[in-house]
Amino acid sequence: MLGKFFESLYLKVFVNIVVKNSTTDVYIELCSSKGVIDNAEDSFNTTKMSEEMLEFITSYTRESPFSYFSLLDMSPSQGAIPTCSKNKLSYYYDISASEYKCHDKKWTYYTSKSDLYDIEKRYKDIGIDFVFSPFSILVNFFKDKVSSHHAMYILVQEGFISLCVFDNSELLFAQHLDMEKITESDDLLMDDADDILDLDDGIDLEDIDVMDAEDSLEDFGDIEDLDSLEEIDEFSENKDVEEEFYHEEDAELAPSDESGFNEDYQRFSLIQSSINHFYKDDKYESKFIENVYIADGVGISSDLKRYLEEEMFLSVYVRHLELGAEVSELARIEVGL
Amino acid sequence: MKYSYIKPRQKSAFTAEIQLLVIFFFITLGMLFITYLFLLFKDYNFLSDMDEMATAQSELSVNIEDMKEQITFIEKENLLAQRVYTQNTVLKDSIANLFDLVPQRITLSEAKLLENGLILYGVTPNKDIYNFMLQAPLRSIFHRTYSSFYPAQNGWLRFVSTNYIDEEINFSQEIDSEN
Numbered sequence: 013m014l015g016k017f018f019e020s021l022y023l024k025v026f027v028n029i030v031v032k033n034s035t036t037d038v039y040i041e042l043c044s045s046k047g048v049i050d051n052a053e054d055s056f057n058t059t060k061m062s063e064e065m066l067e068f069i070t071s072y073t074r075e076s077p078f079s080y081f082s083l084l085d086m087s088p089s090q091g092a093i094p095t096c097s098k099n100k101l102s103y104y105y106d107i108s109a110s111e112y113k114c115h116d117k118k119w120t121y122y123t124s125k126s127d128l129y130d131i132e133k134r135y136k137d138i139g140i141d142f143v144f145s146p147f148s149i150l151v152n153f154f155k156d157k158v159s160s161h162h163a164m165y166i167l168v169q170e171g172f173i174s175l176c177v178f179d180n181s182e183l184l185f186a187q188h189l190d191m192e193k194i195t196e197s198d199d200l201l202m203d204d205a206d207d208i209l210d211l212d213d214g215i216d217l218e219d220i221d222v223m224d225a226e227d228s229l230e231d232f233g234d235i236e237d238l239d240s241l242e243e244i245d246e247f248s249e250n251k252d253v254e255e256e257f258y259h260e261e262d263a264e265l266a267p268s269d270e271s272g273f274n275e276d277y278q279r280f281s282l283i284q285s286s287i288n289h290f291y292k293d294d295k296y297e298s299k300f301i302e303n304v305y306i307a308d309g310v311g312i313s314s315d316l317k318r319y320l321e322e323e324m325f326l327s328v329y330v331r332h333l334e335l336g337a338e339v340s341e342l343a344r345i346e347v348g349l
Numbered sequence: 082m083k084y085s086y087i088k089p090r091q092k093s094a095f096t097a098e099i100q101l102l103v104i105f106f107f108i109t110l111g112m113l114f115i116t117y118l119f120l121l122f123k124d125y126n127f128l129s130d131m132d133e134m135a136t137a138q139s140e141l142s143v144n145i146e147d148m149k150e151q152i153t154f155i156e157k158e159n160l161l162a163q164r165v166y167t168q169n170t171v172l173k174d175s176i177a178n179l180f181d182l183v184p185q186r187i188t189l190s191e192a193k194l195l196e197n198g199l200i201l202y203g204v205t206p207n208k209d210i211y212n213f214m215l216q217a218p219l220r221s222i223f224h225r226t227y228s229s230f231y232p233a234q235n236g237w238l239r240f241v242s243t244n245y246i247d248e249e250i251n252f253s254q255e256i257d258s259e260n
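Going down the list, the protein sequences come from chains A and B. For the numbering used here, count along the first sequence from 1 and bump the result up by 12. For the numbering used here, count along the second sequence from 1 and bump the result up by 81.
These aren't lab readings, by the way, just hints derived from the structure by calculation. Keep in mind it's a predicted model, so treat the numbers as computed, not measured. You may find that some hints are simply not true.
[Stated by the list, open to error] Derived CB-CB ranges, DEER-like:
| hint | chain 1 | residue 1 | chain 2 | residue 2 | range |
| --- | --- | --- | --- | --- | --- |
| 1 | B | Leu102 | A | Ala337 | 32 to 40 angstroms |
| 2 | B | Arg90 | A | Ser45 | 16 to 24 angstroms |
| 3 | B | Leu121 | A | Leu66 | 50 to 58 angstroms |
| 4 | A | Ser126 | B | Phe107 | 43 to 51 angstroms |
| 5 | A | Arg318 | B | Arg90 | 43 to 51 angstroms |
| 6 | B | Leu121 | A | Leu23 | 25 to 33 angstroms |
| 7 | B | Leu121 | A | Asn51 | 53 to 61 angstroms |
| 8 | B | Ile87 | A | His161 | 50 to 58 angstroms |
| 9 | B | Phe95 | A | Glu64 | 26 to 34 angstroms |
| 10 | B | Leu102 | A | Pro88 | 32 to 40 angstroms |
[To be verified] For lysine to any residue, the following SDA-like pairs were computed, each having C-alpha atoms within a straight-line distance of at most 20 angstroms:
| hint | chain 1 | residue 1 | chain 2 | residue 2 |
| --- | --- | --- | --- | --- |
| 11 | A | Lys125 | B | Lys88 |
| 12 | B | Lys83 | A | Lys133 |
| 13 | A | Lys155 | B | Lys83 |
| 14 | B | Lys92 | A | Leu349 |
| 15 | B | Lys92 | A | Leu42 |
| 16 | A | Lys133 | B | Gln91 |
| 17 | A | Lys136 | B | Arg90 |
| 18 | A | Lys136 | B | Ser221 |
| 19 | B | Lys83 | A | Ser97 |
| 20 | B | Lys92 | A | Ile138 |
| 21 | A | Lys113 | B | Lys173 |
| 22 | B | Lys173 | B | Asn244 |
| 23 | A | Lys113 | B | Arg90 |
| 24 | B | Lys92 | A | Thr70 |
| 25 | B | Lys92 | A | Leu14 |
| 26 | A | Lys133 | B | Phe95 |
| 27 | B | Lys92 | A | Ala109 |
| 28 | B | Lys88 | A | His332 |
| 29 | B | Lys83 | A | Thr95 |
| 30 | A | Lys155 | A | His332 |
| 31 | A | Lys16 | B | Phe95 |
| 32 | B | Lys92 | A | His332 |
| 33 | A | Lys32 | A | Pro88 |
| 34 | B | Lys92 | A | Glu132 |
| 35 | A | Lys16 | B | Asn244 |
| 36 | B | Lys92 | A | Arg344 |
| 37 | B | Lys208 | B | Ser221 |
| 38 | B | Lys92 | A | Cys96 |
| 39 | A | Lys32 | A | Lys155 |
| 40 | A | Lys295 | A | His162 |
Glycine included, each C-beta is placed from N, C-alpha and C at the ideal position.
I would like the entire structure built from these sequences, with the hints used as guidance.
This is how it looks when you write it as structure tokens:
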């Protein structure tokens, strides 16, 4: 009773940390029982806890004992599984070394236990109260769509892509992709590029279903060989044209946009390979994806949307998302505000 | 815990600063309470001292009264003693005078002093000596004098002289004389 009384006297401070490739964004919200009173954010050129960051955080948290520190989980070993049944979890992923949580008794999201320990160790100076999965962020952000639509939902962060397919709140497929990790292995990217070419020929694949498997594979192989050279050439040409077009349109933003273009293409490739994986893997209940909702946390260019629309015939909707604010919203839900 | 992998740490409003504040608050309250108790004790002590002093005052008043009575009693005793002393002196003088009245030839064997009289026992060689030398002065002193004789073995006379002073007569005589 006395504790509740004292709690009502203090503001609640939500410190939300989003670690990116080389920087860390800290978003702070001051909340009373009536709602958000104030917020502040800053970005630090480090991925670890620095003195400067600690000073910035403590300048807000020292005023109230009710400070909640939230972190967006950046572990590469995380994902989501379309079941909550413990017996079926291992069918999708070996979760013996993972911490997992069931969402609405429908699907499960998980992350590496060792990564969680690492987070707690890294932020022991301030202490972490909440660690949120990007999938939780995504579902909460698209809660108006997830419950009533069949679509793919993509959270684009710096260095990571979290994507999942929901059919009326039922998770069908989810994947968390580390762009940096995949960039390191060029072979994989090339394989993905091949896969992209396979997927691009959606009409061919449908034809293949009707034919014998072996013959179809052979035929498909022939087609791939014939088409790949031309298409790669065409694609390289297209890329050049687009880059030229980009240079003409936005000359001032050229350097960042060039990297943005590469990243967007990389994202497109990853999304494409994931969709391919979803369609091909028997573990998942494949349903044709028509709509894609992208939560843009980094400021993607229109190229990614265009790629997805033109290359994969998807209807793409992009919503801008402030990761810090979304993490804070989840933290507020956790606290009960 | 709906979304987070980990549970939040327990939050408490009783931070180090608040704990310090509460400790100081309670110390202040304690000191005030102790001061209050001290004042309460001093007040009680003062009241009890006042009661004791009032009791002592009343006792002293009683003692003073007793002492006054004792002083009065002692003064009375002193007066009485002085009177007795005076009376004794008078009596001694009277006895000395009485014995001075007795002549050499008469021997007294016993004398009884009464409140208003004197009885003398003795031996006289004869009645004349007694009558002239002892009875005459006794008569001048006492109002009534009675003498009786009986012979002794050696031929002398034993006598008993009874003498009384009549005070009322003396007083009435004094009044008559004054009138």
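Structure-based check of each hint:
{"no.": "1", "hint": "B/Leu102 - A/Ala337: 32 to 40 angstroms", "verdict": "holds (35 angstroms)"}
{"no.": "2", "hint": "B/Arg90 - A/Ser45: 16 to 24 angstroms", "verdict": "holds (21 angstroms)"}
{"no.": "3", "hint": "B/Leu121 - A/Leu66: 50 to 58 angstroms", "verdict": "holds (53 angstroms)"}
{"no.": "4", "hint": "A/Ser126 - B/Phe107: 43 to 51 angstroms", "verdict": "holds (47 angstroms)"}
{"no.": "5", "hint": "A/Arg318 - B/Arg90: 43 to 51 angstroms", "verdict": "holds (46 angstroms)"}
{"no.": "6", "hint": "B/Leu121 - A/Leu23: 25 to 33 angstroms", "verdict": "violated (44 angstroms)"}
{"no.": "7", "hint": "B/Leu121 - A/Asn51: 53 to 61 angstroms", "verdict": "holds (56 angstroms)"}
{"no.": "8", "hint": "B/Ile87 - A/His161: 50 to 58 angstroms", "verdict": "violated (31 angstroms)"}
{"no.": "9", "hint": "B/Phe95 - A/Glu64: 26 to 34 angstroms", "verdict": "holds (30 angstroms)"}
{"no.": "10", "hint": "B/Leu102 - A/Pro88: 32 to 40 angstroms", "verdict": "violated (47 angstroms)"}
{"no.": "11", "hint": "A/Lys125 - B/Lys88", "verdict": "holds (14 angstroms)"}
{"no.": "12", "hint": "B/Lys83 - A/Lys133", "verdict": "violated (23 angstroms)"}
{"no.": "13", "hint": "A/Lys155 - B/Lys83", "verdict": "holds (15 angstroms)"}
{"no.": "14", "hint": "B/Lys92 - A/Leu349", "verdict": "holds (15 angstroms)"}
{"no.": "15", "hint": "B/Lys92 - A/Leu42", "verdict": "holds (16 angstroms)"}
{"no.": "16", "hint": "A/Lys133 - B/Gln91", "verdict": "holds (18 angstroms)"}
{"no.": "17", "hint": "A/Lys136 - B/Arg90", "verdict": "holds (12 angstroms)"}
{"no.": "18", "hint": "A/Lys136 - B/Ser221", "verdict": "violated (141 angstroms)"}
{"no.": "19", "hint": "B/Lys83 - A/Ser97", "verdict": "holds (18 angstroms)"}
{"no.": "20", "hint": "B/Lys92 - A/Ile138", "verdict": "holds (13 angstroms)"}
{"no.": "21", "hint": "A/Lys113 - B/Lys173", "verdict": "violated (136 angstroms)"}
{"no.": "22", "hint": "B/Lys173 - B/Asn244", "verdict": "holds (18 angstroms)"}
{"no.": "23", "hint": "A/Lys113 - B/Arg90", "verdict": "holds (19 angstroms)"}
{"no.": "24", "hint": "B/Lys92 - A/Thr70", "verdict": "holds (16 angstroms)"}
{"no.": "25", "hint": "B/Lys92 - A/Leu14", "verdict": "holds (13 angstroms)"}
{"no.": "26", "hint": "A/Lys133 - B/Phe95", "verdict": "violated (26 angstroms)"}
{"no.": "27", "hint": "B/Lys92 - A/Ala109", "verdict": "violated (29 angstroms)"}
{"no.": "28", "hint": "B/Lys88 - A/His332", "verdict": "violated (29 angstroms)"}
{"no.": "29", "hint": "B/Lys83 - A/Thr95", "verdict": "holds (17 angstroms)"}
{"no.": "30", "hint": "A/Lys155 - A/His332", "verdict": "holds (15 angstroms)"}
{"no.": "31", "hint": "A/Lys16 - B/Phe95", "verdict": "holds (12 angstroms)"}
{"no.": "32", "hint": "B/Lys92 - A/His332", "verdict": "violated (34 angstroms)"}
{"no.": "33", "hint": "A/Lys32 - A/Pro88", "verdict": "holds (13 angstroms)"}
{"no.": "34", "hint": "B/Lys92 - A/Glu132", "verdict": "holds (17 angstroms)"}
{"no.": "35", "hint": "A/Lys16 - B/Asn244", "verdict": "violated (122 angstroms)"}
{"no.": "36", "hint": "B/Lys92 - A/Arg344", "verdict": "holds (15 angstroms)"}
{"no.": "37", "hint": "B/Lys208 - B/Ser221", "verdict": "holds (18 angstroms)"}
{"no.": "38", "hint": "B/Lys92 - A/Cys96", "verdict": "violated (31 angstroms)"}
{"no.": "39", "hint": "A/Lys32 - A/Lys155", "verdict": "violated (25 angstroms)"}
{"no.": "40", "hint": "A/Lys295 - A/His162", "verdict": "holds (18 angstroms)"}
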